[in-house]
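S.K.: Each chain, letter by letter, is given below.
Protein chains: 2
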Amino acid sequence: MTDQSPKPGHRIALDCMGGDLGPSEAVAGAALAIKEGSIGPADTIVLVGHEDNLRLLAQEHRALRGPRVAFRHAPGIVSPDDAPMTVLKSKRDSSMVIALEMLKEGEVDAVVSTGNTKALVAAGTIKVRPMEGAERPALAAIMPRREGHFIMLDVGANPEATPEHLVHNAVLGTIYAQSSLGIARPRVGLLTVGTEEGKGGPRINRAHALLKAMGDRINYVGPVEGFDVFGDACDVVVTDGFTGNVILKTIEGLVYMLRDLVGSKVKSNPVYLAGGVAMFPLLRELKGKLKPERYGGAPLLGLNGLVMKAHGSSNRQGIASAIRLGSEALGHGAGRRMRAALSDANAVISSTPAEG
Amino acid sequence: MTDQSPKPGHRIALDCMGGDLGPSEAVAGAALAIKEGSIGPADTIVLVGHEDNLRLLAQEHRALRGPRVAFRHAPGIVSPDDAPMTVLKSKRDSSMVIALEMLKEGEVDAVVSTGNTKALVAAGTIKVRPMEGAERPALAAIMPRREGHFIMLDVGANPEATPEHLVHNAVLGTIYAQSSLGIARPRVGLLTVGTEEGKGGPRINRAHALLKAMGDRINYVGPVEGFDVFGDACDVVVTDGFTGNVILKTIEGLVYMLRDLVGSKVKSNPVYLAGGVAMFPLLRELKGKLKPERYGGAPLLGLNGLVMKAHGSSNRQGIASAIRLGSEALGHGAGRRMRAALSDANAVISSTPAEG
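Just so you know, the protein sequences line up as chains R and B, in that order.
With our numbering as the guide, the letters of the first sequence map in order to residues 27 to 382.
With our numbering as the guide, the letters of the second sequence map in order to residues 27 to 382.
Because the hints were derived from the structure by calculation, they are not lab data.
Please read all numbers here as calculations on a predicted model, not as lab measurements.
Hints should not be assumed to be uniformly reliable.
One copy or two, either will do: identical chains are not told apart, so a pair holds if it fits within one copy or between any two.
Claimed, not checked - Here are the simulated SDA-like cross-link-like pairs (lysine to any residue), alpha carbons at most 25 Å apart as the crow flies:
1. K238 to E186
2. K115 to H76
3. K61 to N372
4. K61 to D78
5. K130 to A89
6. K144 to D254
The following block holds chain R by itself, in its conformation from the complex (with noise of 0.2 Å):
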């Protein structure tokens, strides 16, 4: 399936300035990624931030000195807590939209970001444009399961999705599974409240309609419920940005709760004291696994180009995570495989009639 011939390397634009341990640490995330070969051998990363400052903290490592690593100055810093819309308007200096500037130029072939997601989705979308024959782009988190990890999409870009849009979400996180798992034929399960049909309101009959109609073209396995999803019955769990966001943002909050429930538990009863000590770096290691962009990053797929997002909080090796995913998924033609799958899917949704 994949591109055996040799090609040359692509382009990675780092937006260094958005995340919370700083320019230093992004910095050390791409010494990192080109040391332990996360992106191809003729691949470049583009440094993106205040250049004088981001130059200096590149002469601390050695894996920079090279062809390999350019920067690009941007003055401007996205924060947190900046609103979409005031990104756009006031921070066209920054370092995330300066990046995507550079991909939707085509002088870069993707953008790892950790900066803020709802300014990046937002910025994303404007600057880079979605595919033709997509709409909006999805937000794509990889999740831990017993046994590998799972695909879950969209996760928060697209709050009102469509059922053609969950059909997109389909087809989108099929491909992204094949790069990113390497799994040839991923199942594809869409996330509802029942398995029977007709559970879920319209919306959710028709996507189902629609994916049933897809055939060969993806390997849907029907409905799935929020409890399977950490099972074996799917590898890619189509659903909205909403219902997507607000099951991550549970986990994570319920994740933290048992942690501090092991801890208060241990406090108040010697029996779980050996006990809670000795589960503790299992449950660091949970939580850790179920903060979905830490494996990595979560790709804004559907975009006329890869926006790949890393956990605010990243360090260097997640960082690094970020940009072999982005190398990996641009290493499989990825972009193009997304625009003929979007194309078909099209095809089948104008031909399938609203009834079913």
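Please arrange chain B on chain R, whose structure you already have, making use of the hints.
M.R.: Positioned in the frame of chain R, the structure of chain B alone reads:
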């Protein structure tokens, strides 16, 4: 707020045939409720199901020998897999449908059922009918948080809630939090994907505007995100039945996964052994806590009569607890207060222009 004058007893119908543990556990739950004073001294329980069988089972419990227990014969059984329409069309002689008919006819004041949720929602709505001022019932779950509990509604009755339905959920949830959690002025949050105004789409924006327009009628604290719910942001989390149900089931799936991961860690790594063994009681406790109906029951709020769903796998304690919650809600005159509050809310809704 509560009517303190002496009242005649309430009558609670217990659907004895739908639970996973069968009628003997249901009958034992009724006995426990009487023995432990879960219901008022003048309240009675009507055991609904195969009468000969129930009478035989009741003989084993001293608490059930007396005038506080009655029987109603119903030969049919609703199975966990029965589709709602099947139940309504061809299981009219079932213990679930007959108990609901008794509520409709005023023979009892409440129904407690361990039966199939979807069938109970559908049959409850059609037989008992929504209260004046409400269009659809909402299933309200009591969930654990760091300190105490909160209420989330709707967790599955009405997947396609309108902004007006969300306001009804806020009103119904407020009164239920008063009776079940004993909070005088429960804080109400609207579950969404971003706390700044304008996030979450037109449906959430309209609901937010209406909830603000409610003024002092409810204690609305604004939008809340998924990671807030287990903290102390609010006491009543308002959402639609699609999102609420998916969250509940995802949490359930996650807790099962955590239990399995702890189990496998214990097997794979001796460092975890002592810890894992000591932590099992905590995880078991959490798993129980996080099944919302386990706390007692999840009432279907907004109907002309109290319908209380208990978990299908409820043991006698769970059933007694659902009976207690139902009795408490009846004792607070919740139905009357809900009707008044809905009428008040609808006046606010119709006088709040759509521009918000």
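S.K.: Provide an ascending list of the numbers of those earlier hints which the structure does not satisfy.
M.R.: Of the numbered hints given earlier, those the structure breaks are 3 and 5, listed in rising order.
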